[in-house]
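Student: Residue numbers (my numbering), protein chains in the order written: chain F, 29 to 343; chain V, 29 to 343.
Keep in mind that a hint or two might mislead.
Taking lysine-lysine and the DSBU-like style, the derived pairs with C-alpha atoms no more than 35 Å apart in a straight line are [unchecked claim]:
1) V:K294 - V:K76
2) F:K129 - V:K294
3) F:K294 - V:K134
4) F:K129 - V:K134
Here are the computed distance ranges between Cβ atoms for each label pair [to be verified]:
5) V:A322 - F:P248: 48 to 58 Å
6) V:F72 - F:R257: 37 to 47 Å
7) V:R256 - F:E57: 40 to 50 Å
8) V:A322 - F:R55: 47 to 57 Å
9) F:A163 - V:G287: 25 to 35 Å
10) V:P130 - F:A168: 40 to 50 Å
11) F:G325 - V:T197: 52 to 62 Å
These aren't lab readings, by the way, just hints derived from the structure by calculation.
No residue lacks a Cβ here, since even glycine has one placed at the ideal position from N, Cα and C.
There are 2 protein chains.
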Amino acid sequence: MRTAAVEAFLREADELVSPYLSRLLTRSERGGAAFRECMAYTLFAPAKRFRPALTLAAVRAAGGRGPEGLPVMAAVELLHTYSLIHDDLPCMDDDDVRRGKPACHKVYGVGLAMLAGDALQSLAFDVLARAAADAADGGAREIRAMLEVTSAAGPEGMAAGQALDLAATGRAAPDVGGDRAAASGDLPVSPVLVEEMHRLKTGALLRAAVVGGAHLAGAPEPELGALRRYADALGLAFQAADDLLNVEGDSALIGKSVGSDASAGKTTLPALLGVEAARRRARDLSEECVRALAPLGAGAMMLAGLAEYAVSRNR
Amino acid sequence: MRTAAVEAFLREADELVSPYLSRLLTRSERGGAAFRECMAYTLFAPAKRFRPALTLAAVRAAGGRGPEGLPVMAAVELLHTYSLIHDDLPCMDDDDVRRGKPACHKVYGVGLAMLAGDALQSLAFDVLARAAADAADGGAREIRAMLEVTSAAGPEGMAAGQALDLAATGRAAPDVGGDRAAASGDLPVSPVLVEEMHRLKTGALLRAAVVGGAHLAGAPEPELGALRRYADALGLAFQAADDLLNVEGDSALIGKSVGSDASAGKTTLPALLGVEAARRRARDLSEECVRALAPLGAGAMMLAGLAEYAVSRNR
Chain F
29 MRTAAVEAFL READELVSPY LSRLLTRSER GGAAFRECMA YTLFAPAKRF
79 RPALTLAAVR AAGGRGPEGL PVMAAVELLH TYSLIHDDLP CMDDDDVRRG
129 KPACHKVYGV GLAMLAGDAL QSLAFDVLAR AAADAADGGA REIRAMLEVT
179 SAAGPEGMAA GQALDLAATG RAAPDVGGDR AAASGDLPVS PVLVEEMHRL
229 KTGALLRAAV VGGAHLAGAP EPELGALRRY ADALGLAFQA ADDLLNVEGD
279 SALIGKSVGS DASAGKTTLP ALLGVEAARR RARDLSEECV RALAPLGAGA
329 MMLAGLAEYA VSRNR
Chain V
29 MRTAAVEAFL READELVSPY LSRLLTRSER GGAAFRECMA YTLFAPAKRF
79 RPALTLAAVR AAGGRGPEGL PVMAAVELLH TYSLIHDDLP CMDDDDVRRG
129 KPACHKVYGV GLAMLAGDAL QSLAFDVLAR AAADAADGGA REIRAMLEVT
179 SAAGPEGMAA GQALDLAATG RAAPDVGGDR AAASGDLPVS PVLVEEMHRL
229 KTGALLRAAV VGGAHLAGAP EPELGALRRY ADALGLAFQA ADDLLNVEGD
279 SALIGKSVGS DASAGKTTLP ALLGVEAARR RARDLSEECV RALAPLGAGA
329 MMLAGLAEYA VSRNR
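With the rest of the complex left out, here is chain F:
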């Protein structure tokens, strides 16, 4: 699929989810003006909206129209944004630039930035709970979608991945705890551990974006299985591409610092395998995504396009 078609689709997802997010944030003024501004600051900074686009594409692949995916589209973008704000804090990656602007804590201070991240996380689940409560048919689809998202965010998902990332920074191979056997194929041991970290830190939320959207559209189990395989390869492909952009990307385009992983001594695929092998790995994973979609037919074309975009993007 042509990049222009994928980029038009990303804009479509943005035009659907951003006004919805904006309404969520302006329901009240509680907490004061600075707190409200701080929550909006990173959420509405220029963003790809890759996760909401994945949800929208999964809804359509499962035969849905699109807007029924909004609660998950909003929830995954809220969770992603909270993780960016917390990631950039001095106690984590200590990054000064995000989405092309000074990082949230550089503008609002560390305390308020942390609280805004906390509040965005709560809001993600509030959106899903409200969708379940408002569902005319009892909310069974919304409950399944919510469970997908809550388990992706927590101590079995994104938060565990962040903890591994923190432990791995400037150190040798991290202690990943259990679940090593699930790691992938022919890679030597250290890259296997790095991919376990990527699976949790990045993959879990991408998977919730895809599978949560499919639940909202009522996808049956065989389709869900194909989408899970797609999403698992996509998570690794996306993070490998992210790490490559941190080595050789254009900081003006990606909207954050370049070279920060190396200077922080981060354990990344390019650092372990070299740039060329990491790029091949990302391509292989992207092709694995496309193969996983075969059972879904033509309706899944945009999901395939998003997987290609994930590894060819320059931002």
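Once you've looked at the hints, dock chain V against the given chain F.
Tutor: Just chain V now, with coordinates in the frame of chain F:
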């Protein structure tokens, strides 16, 4: 009710919720050993379990047996613990002692402590989503309980209260945004603003503990209305008592620093009204709690006992 009876009930709630929380944390070892230990550290430090006890008492007041309240009992304790860990960080209250032990970040570092708080927040909602997904009858009660908890935690609740607290520290009256009209009775303006902050920072989660529990037990609307009035007064009473303990409590008993509010220039009721008037206010609010319970009859006796305990406790 005698204090010993309330304390026995607090132990009963602890004996119900702590093994349940422990099972949640030991489902896997993802994120590594330090991350897992860090999550457990503050959660299993000596704690009153006041919020789970409120839930248990509300379940029984609504005619339930008890264990059906566990998802809310666990969720409110997880959210409370996450808020304590984040509150103690240097960017917030910068407290070194919590639950009678060194604060989480003093042992595990600021980064891991923040992540553990983040993960405990996710886990709170995961517990509720799982309870809804597992419910034999479609999960309608669980959805109502979850919405109560998500909205209490987020930008319309606890997180907004923390933001007001942060803004008020060492400053004049905070900018509380909208909703000032809802503030209480005859107090002069500054205490009204302080109570708006308490309503969000402390009251919202106590209310979710009570009302969420009542939802799980299937309480009908008139009972829910009485419980809401009870919980709203309780939140203010509880925080007033907390602020009084910070002035004149015994740090060994309350398990955290004493005098820290005054040295941080915090806007509290004792600071604004004086200790005597703040103590009277706490007593009045506790009596308001007991009056609100009248429609519920004898089944609500433990809720009344907990309201008395909230203002007479020495820890």
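Student: Against each hint, give a clear statement of whether it holds in the structure.
Tutor: For each hint, the structure was consulted:
With a CA separation close to 24 Å, the supplied pair K294 (chain V) and K76 (chain V) stays within the 35 Å bound. With a C-alpha separation of about 33 Å, the suggested pair K129 (chain F) and K294 (chain V) falls inside the 35 Å cut-off, and the hint holds. For the hint pairing K294 (chain F) with K134 (chain V), the CA-to-CA distance comes to about 24 Å; that is within 35 Å, so the pair holds. For the given pair, K129 (chain F) sits about 32 Å from K134 (chain V) by alpha-carbon distance, which is consistent with the 35 Å threshold.
The supplied range of 48 to 58 Å is met by A322 (chain V) and P248 (chain F), whose beta-carbon atoms lie about 52 Å from each other. Checked against the hint of 37 to 47 Å, the C-beta distance between F72 (chain V) and R257 (chain F) comes to roughly 38 Å, which is consistent with it. One distance hint, 40 to 50 Å for the beta-carbon pair R256 (chain V) and E57 (chain F), is violated here, with the actual separation near 22 Å. At roughly 34 Å, the beta carbons of A322 (chain V) and R55 (chain F) sit outside the given window of 47 to 57 Å.
A hinted range of 25 to 35 Å for the beta carbons of A163 (chain F) and G287 (chain V) is inconsistent with their spacing of about 50 Å. Checked against the given bound of 40 to 50 Å, the beta carbons of P130 (chain V) and A168 (chain F), roughly 46 Å apart, stay inside it. Judged by the Cβ atoms, the range 52 to 62 Å given for G325 (chain F) and T197 (chain V) holds: they are separated by roughly 58 Å.
The structure does not agree with the numbered hints 7, 8, 9 stated previously, though it agrees with the rest.
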